[in-house]
Amino acid sequence: MTNAITKRRPAAADSNQQMIQSEAKYRGLLEAAPDAMVVVDEEGSIVLVNVQAEKQFGYPRDELIGRKVTDIIPSGFAERLVADELRSPEEALAQQIGAGIELTAMRKSGAKFPIEIMLSPFEGVDGILVTAAIRDISRRKAAEADLIELNRSNEELSQFAYIASHDLQEPLRMISSYTQLLAQRYAGKLDADADEFIAFAVDGAERMQRLIQDLLAYSRVGTKGMTVTLISSQKSLDLALANLGSAIADSGARITSDELPPVRADEMQLVQLFQNLIGNAIKYRSAKAPEVHVSAIQRRGKWQFAVKDNGLGIEAQYFERIFGMFQRLHTRREFSGTGIGLAICRKIVERNGGEISVTSEINQGSTFRFSLGAAT
Amino acid sequence: MKNTAMGIDVLLVEDSLGDVRLTQEAFRAANSEIRLHVVMDGVEALGFLAQKGAYSDAPRPDLILLDLNLPKMNGREVLKHIRSDDGLKSIPTVILTTSDSAIDINQSYTLHANSYLSKPVHLDKFESVVRSINDFWFEKAQLPQAG
Numbered sequence: 001m002t003n004a005i006t007k008r009r010p011a012a013a014d015s016n017q018q019m020i021q022s023e024a025k026y027r028g029l030l031e032a033a034p035d036a037m038v039v040v041d042e043e044g045s046i047v048l049v050n051v052q053a054e055k056q057f058g059y060p061r062d063e064l065i066g067r068k069v070t071d072i073i074p075s076g077f078a079e080r081l082v083a084d085e086l087r088s089p090e091e092a093l094a095q096q097i098g099a100g101i102e103l104t105a106m107r108k109s110g111a112k113f114p115i116e117i118m119l120s121p122f123e124g125v126d127g128i129l130v131t132a133a134i135r136d137i138s139r140r141k142a143a144e145a146d147l148i149e150l151n152r153s154n155e156e157l158s159q160f161a162y163i164a165s166h167d168l169q170e171p172l173r174m175i176s177s178y179t180q181l182l183a184q185r186y187a188g189k190l191d192a193d194a195d196e197f198i199a200f201a202v203d204g205a206e207r208m209q210r211l212i213q214d215l216l217a218y219s220r221v222g223t224k225g226m227t228v229t230l231i232s233s234q235k236s237l238d239l240a241l242a243n244l245g246s247a248i249a250d251s252g253a254r255i256t257s258d259e260l261p262p263v264r265a266d267e268m269q270l271v272q273l274f275q276n277l278i279g280n281a282i283k284y285r286s287a288k289a290p291e292v293h294v295s296a297i298q299r300r301g302k303w304q305f306a307v308k309d310n311g312l313g314i315e316a317q318y319f320e321r322i323f324g325m326f327q328r329l330h331t332r333r334e335f336s337g338t339g340i341g342l343a344i345c346r347k348i349v350e351r352n353g354g355e356i357s358v359t360s361e362i363n364q365g366s367t368f369r370f371s372l373g374a375a376t
Numbered sequence: 001m002k003n004t005a006m007g008i009d010v011l012l013v014e015d016s017l018g019d020v021r022l023t024q025e026a027f028r029a030a031n032s033e034i035r036l037h038v039v040m041d042g043v044e045a046l047g048f049l050a051q052k053g054a055y056s057d058a059p060r061p062d063l064i065l066l067d068l069n070l071p072k073m074n075g076r077e078v079l080k081h082i083r084s085d086d087g088l089k090s091i092p093t094v095i096l097t098t099s100d101s102a103i104d105i106n107q108s109y110t111l112h113a114n115s116y117l118s119k120p121v122h123l124d125k126f127e128s129v130v131r132s133i134n135d136f137w138f139e140k141a142q143l144p145q146a147g
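Going line by line, the protein sequences match chains A and B.
Using the working numbering, read the first sequence as starting at 1 and increasing by one per residue.
Using the working numbering, read the second sequence as starting at 1 and increasing by one per residue.
Treat the hints as calculated values from the structure; they're not laboratory data.
Any given hint could turn out to be false.
[What the hints assert, rightly or not] In silico DMTMM-like links for lysine to aspartate or glutamate, alpha-carbon gap of 20 Å or less: (1) 125/B <-> 170/A; (2) 125/B <-> 206/A; (3) 125/B <-> 203/A.
Construct all of the structure, not just a fragment, from the sequences and the given hints.
Written out as structure tokens, the structure reads:
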């Protein structure tokens, strides 16, 4: 083993070498960063940039270095760095660390674009430098704006449906009541044609009334405020069954359930959901007495409920269609109803952050599955 | 029980002609002793109750049926006026309106309506409501006596 005596360099040169090496490493990291990196000194002048910054702002780097950062970020950044009577540079900086700040930046062309910047301090030889990681969030902003617009338009549609249904009720009541009055008072007193005409008018008015009430019910799911709390889904089911009392008794239906979990949801909506699904199971029954079983399993962090019946079943080609508004698979003579029930179910489920679907076989029965509420 | 030999006067405050006629028909069928007086806005209602000017021969009603949505002065305001007038406050006043909103219902009771009825959409249910009004107020309940 040779005793290699390493030549010891003078101390100052040594630490200088370290400095140069660490700076080189630092520049390397900066250069490779996926966001635009801009390093700014205490006076707000740009001292270092990376290639992303050149691309984002449209300047070659020699045009960026030495430029005031306000040329590329007109306001909101430089001010935050500046020590004023109230704050030292350290304090001014400390207030911004860690916060992603949304600002407006400007390219060489003069075009403005939204950015998010994250700041971190760097103790350089000549004082505190601030490294800003700058991200162009134009796309995110556009998506946010689209979402806001979509929500607003949904809200407007819901309100429109509510107002339209609400205001339509009044003249419809007049048509409905007076045709019924005509039927009452003149049935058999005019000729047979008149009786038939009146009967059609009465029937039409009644159907329109039901449609409007269903439309109102549907729009209310969207507009009425939700109270989301931890509730007992078992209790919701029991309430729904109580509401379906006479339908259950008349059909001889047997409803069973597994032990159902507590869920985070709007209780009234969950009751309505169970009521619609089980009501359908009873209504669209086969020759056998209806049997309905309700169960729940945990799936992907949510509770997935299943309502399984032994009724008429649904053809696969209609699995999606039945959830549409006013969509029916039978004539009015076969089954009453406006076809809004499942549309309401879907709206409730979606409003509670879940999904609903059906599997079924003709004459075997159907299973409706819906998810909602985070599994606690 | 109301002395029906004197007849029964009901003031209907309702702005829809269609509803007025329906109510008239329903009352006629429920109890022919009832004289239904009709005014079509809140200002006329107060004029009727004041028994002045054009209404100097108007009788004091045994029951007021009050719609909420009225032009010029809505039903809530009419109710407030009735309940703050010493001469009128004892007249049984029942809200009869299309709205079934909880806000309207609660407000009406807070303003001391005697009760609140939503007009049913079906004619036969509406006729049944009118029969109930007759049955409760004019055959079962005791009404305030004059003097």
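Here is what the structure says about each hint:
1. 125/B <-> 170/A: holds (16 Å)
2. 125/B <-> 206/A: Satisfied, since the Cα-Cα distance of roughly 13 Å is no more than 20 Å.
3. 125/B <-> 203/A: holds (16 Å)
Of the numbered hints given earlier, the model fails none.
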